[in-house]
Amino acid sequence: MKIMLNGAPAEVQAETLAAALEELGYGEARVATALNEDFVPAGARAATRLAPGDRVEIVAPRQGG
Amino acid sequence: MEVYGTAVASRLMLGTAQYPSPQVLAEAFRRSGAGIATVSVRRESGGEKAGAAFWELARGLGVAILPNTAGCHSVKEAVTTAHMARELFDTPWIKLEVIGHADTLQPDPFGLVEAARILVEDGFQVFPYTTEDVVLADRLLSAGCEVLMPWGAPIGTGLGLTNVYGLRTLRAQFPDVPMVVDAGLGLPSQAAQAMEMGFDAVLLNTAVAKAGDPAAMADGFARAVEAGRLAFEADPMEPRDMAAPSTPVIGKAFLE
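Order-wise, the sequence lines are chains L and C.
Each residue of the first sequence is one higher than the one before, counting from 1 in the UniProt record's numbering.
Each residue of the second sequence is one higher than the one before, counting from 1 in the UniProt record's numbering.
Hints in this document: simulated from the structure, not taken from any laboratory.
Even glycine gets a Cβ: it sits at the ideal position worked out from N, Cα and C.
Incorrect hints may appear among the rest.
[To be verified] Ranges of calculated distance between the beta carbons of each label pair, as one might list FRET restraints:
no.: 1; chain 1: C; residue 1: Ala52; chain 2: L; residue 2: Ala8; range: 34 to 44 Å
no.: 2; chain 1: L; residue 1: Ala8; chain 2: C; residue 2: Gly198; range: 43 to 53 Å
no.: 3; chain 1: C; residue 1: Asp122; chain 2: L; residue 2: Gly27; range: 21 to 31 Å
no.: 4; chain 1: L; residue 1: Gly7; chain 2: C; residue 2: Ala9; range: 33 to 43 Å
Only chain L is shown next, with the shape it has when bound in the complex (with noise of 0.2 Å):
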């Protein structure tokens, strides 16, 4: 299915945005995660199904003031 993936449209075929981020090559990096604006855990993932369309942001920590 198509989503948008940190704002560039993404194809997976995953179903489950944990499954996604496997697929997208995530592995165990150190990522928190959004879908649609919302906030989701890292214990939720599994369990969050995903839609086509849907908006999933992944960001990381990073230098800040």
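On the provided structure of chain L, position chain C as indicated by the hints.
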């Protein structure tokens, strides 16, 4: 200085952005003696692993981590970002920024209070990036904030304390609330001024990161913060308009 029940050893807080290299960042932190480092969360692509590298660097600084919601313009965006930051950095602390104006990066006071209330209810310990407005400060305290971070000047300007009267009024109105002057400082003398006025700490980033020698500037700020705090605690003399001789007048030889 204590914030949310945690003792903070240094009154200097330092950002981690814009340094020429990770090595310069680490050296600047070492020279600054900062007790708190600010960080952010940003998009990461699959396999990039930049987050893991920065996380190692940040942890290696050996200081408390204060994640921010920099760049957020809405309550929703700030709240979601705060939740992501809490999970990533494993801390209830959040430097809450809700920006209301693109050119000045001035906080949106209405959104800031709303976001602060939501986050406090969610168990966050909120460090609100605010203005010197006393009414806004009162609302933030009512929302459950236990520390305030008024700006000195707009982020990244290096203009120093642009509204000394407003900051003095804010400090006087809430004498027992920990207050950190956050943003707008460019020189150590400006940090010393804030500390002399009784602010509990300062937070800066660009002034150090964009200096020609960031580590030396970090050292300069550390000394200025210490000097300013000592001056505040030492109860400064009152200024006066007319001269008053410091050398005794009595006993001067009569030579006319």
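Cross-check of the supplied hints:
1. Ala52(C) to Ala8(L): 34 to 44 Å: 22 Å, violated
2. Ala8(L) to Gly198(C): 43 to 53 Å: With Cβ atoms ~49 Å apart, the hint holds.
3. Asp122(C) to Gly27(L): 21 to 31 Å: 29 Å, holds
4. Gly7(L) to Ala9(C): 33 to 43 Å: The hinted range 33 to 43 Å holds for Gly7(L) and Ala9(C), with Cβ atoms some 40 Å apart.
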